[in-house]
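Use these hints to put chain B onto chain A, whose structure you have.
The listed protein sequences correspond, in order, to chains A and B.
Position 254 (the first sequence) corresponds to 1060 in our numbering; numbering is contiguous.
Position 105 (the second sequence) corresponds to 109 in our numbering; numbering is contiguous.
FYI, nobody ran anything at the bench for these hints, they're computed from the structure.
It is possible that some hints are incorrect.
If you anchor each label on the Cβ, the simulated ranges turn out as follows [to be verified]: (1) D73/B - F1117/A: 24 to 30 Å; (2) I15/B - S1052/A: 24 to 30 Å; (3) G859/A - Y110/B: 39 to 45 Å; (4) T826/A - F100/B: 43 to 49 Å; (5) L867/A - Y63/B: 42 to 48 Å; (6) K40/B - A858/A: 25 to 31 Å; (7) E96/B - F1007/A: 28 to 34 Å; (8) F102/B - N928/A: 28 to 34 Å.
C-beta: ideal position from N, C-alpha, C; glycine also.
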Amino acid sequence: MLLMQIDWFFLVEKLSLITTILLISLAIAAYATWAERKVSAIMQDRIGPSRAGIFGLLQPLADGGKLFFKEEIIPTNANKFIFIFGPCLFMTTALMTSAVIPWGPSFEFAGHTVSLQVADINIGMLFVFGVVSLGVYGIMLGGWASNNKFSLLSSIRAASQAISYELAMGLSLIALLMLTGSLSLREIVDQQHGFWNDGYFTWNFFKQPLGFFIFLVCAFAELNRAPFDLPEADSELNMGYHLEYSSMKLGLYLFAEYINMFISSAVMSVLFFGGYNYPGMDWVSANLPAWVFTFSCVSVFFIKIIAFILFFMFIRWTLPRFRYDQLMKLGWKSLIPLALVNMLITGGVILWLTK
Amino acid sequence: MGAGVLILLIICGVAFAGGGIILSWAIAKRSTNLVKGEPYECGIPTSGTSWIQFNVGYYLFALIFLVFDVELVFMYPWAVVVKSVGMVGLVEIVIFMFILFMGLLYAYRKGALKWM
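Next up, chain A with everything else stripped away, as it sits in the complex:
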C-alpha cells in the first residue's frame, strides 16, 4: 500500500534534478580550475594550460583522472577515521547547499508542474547558513587528524576566520530579510521580478548596496579565497589543512572548494542580483514559447554565476594576502559595526516608508 502512495513522477523529477545539479556543480567546479589557471595566466602574461585539447580544455579531465590513479598515503600517526571523514564531510556539505537554490522558474511538463528547485523549504536561507557553518568542520577535522603542525595551525585559522565572518554575514543578511520578510529563496527571487518596476529597481542590490558589499567580503573569507586565504597560505603553511592529503581525498577538498565558490556565487545572485530575473523577461514570457522563457531564465542565472566566479578569480590574482591580525580587525571592528548600522538604517527607512 505504501508504494502506491508515493508520487512516482515527483520522485523521478526530483532524482533527475538532483543528479543534474550535482553533475553541473562538478562540471563547473572542474572547469573553474581550468578558468582559474587561464585567468591567472592571462593576468601574469603567460599562456596557461594549452596542451590537453584545444585551449587546454581537456586539462580538468586529465587532472581528475590523475587524482583517481594516485597512491593514497595516510600518515602513520594520523587519526585514520577522521582523516577520511574530513574530506567526505567537506564535499557533502558543499553539495548540500545546492538544494534550496531556485535554478529557474517552474514550468509545465506532461501535465505536471516541474519546479527547478530541489526543495522549496520556507527557511531556505537558514538552511544555507547551517550547512555553510557545518562545512568548516570538514577543514577542522581534516587538519587536526593529519597530525601535522602546519595542518593544525591552518585548521584553527580556518575555524576562527569562518566564525568571525559568519557573524558579519548573518548581520548583513538581516537587513535584507527585513525588506523581503521571508526566508524562502524562491520567494526572494520572485520579489525581484524583472528589473524595473514603478520607478524602482527590483533587484535587492539597489536597495542594499552596503549589505551586498559586507556579504561579498564575508563570502571571500568563508570560501578561504585570497585575499583571505590564510588557512591555505601556500607560501607559509604549505597549503595548510590538505597538506597531508593525497589522491582522491585531496581531490575532494579541491573540488569542494570550487563547488563552494559556485554555490556562493549562486546564493549571491539569488539574494542580491535577482536570481534568474532579467530585464524584459515579461515580454519574453508573453511572446515566445514557454521553453524559450525557461531556458533564457536558467541561462541568465548561470551567466550571473559565472560572472561572480570570474570576479572571485580576478580578486585572487590582484590582491595580496592579509595578515591574521588585519583579518580579525576587519571582521570584528569594521564589518560587524558596519552591518549593525546598516541594519538600523534599514529598519528606520522601512518604518518611515510604511507610515
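This is chain B only, laid out in the frame that chain A set:
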C-alpha cells in the same frame, strides 16, 4: 515533502564523496614505507607531538562568537516580521542591540579583540 527530498540529496552527496574515495582506493597502487608515513613538515624531522596547545586568542574569539551568534538567531524572527510589528519592535531591538554592542565594546576595551 521538502525534508524528504533534502535527505535524498544528502544521500546523493555522501554517495558521491564516498564513491570517489572508494574508487580511488580500488584502482590506485599502494606501497608502504616507514618514511612515507611520517608527517611532512618541509623535510625536517618532526620534533614532539603535533596535537599541542595553541594560542589562547583563538579561544577568546570563539567565546565572543558564541554570544553574537545567539544574538543573531534572536534577530532573525524579528527581521522577518519587522513590517508588522512596527516601531515598538524596532525600539525593542535597538535596546537589545545596544546591550550587545556594549558587550562588544567591553571586549574591545579589555583587549579581547586585539590579536597578539
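| task | State, for the Cβ atoms of F102/B and N928/A, whether the hinted interval 28 to 34 Å holds or is violated. | result | The hinted range 28 to 34 Å holds for F102/B and N928/A, with Cβ atoms some 31 Å apart.
Notebook entry, point to check: Between G859/A and Y110/B, does the beta-carbon spacing fit 39 to 45 Å?
Noted result: With a Cβ separation near 59 Å, G859/A and Y110/B fall outside 39 to 45 Å, so the hint is violated.
| message | Verify the CB-CB distance for K40/B and A858/A against the hinted window 25 to 31 Å. | response | About 29 Å separates the Cβ atoms of K40/B and A858/A, which means 25 to 31 Å holds.
| query | Between E96/B and F1007/A, does the beta-carbon spacing fit 28 to 34 Å? | reply | 31 Å, holds
Check: Do the beta carbons of D73/B and F1117/A sit within 24 to 30 Å of each other?
Finding: 28 Å, holds
Exercise. So the hint says 24 to 30 Å: do the beta-carbon atoms of I15/B and S1052/A match that?
Worked result: 27 Å, holds
Q) Do the beta carbons of T826/A and F100/B sit within 43 to 49 Å of each other? A) 44 Å, holds
Regarding L867/A and Y63/B, is the given constraint of 42 to 48 Å on their beta-carbon distance met? 44 Å, holds
Checked against the numbered hints given earlier, this structure breaks only hint 3.
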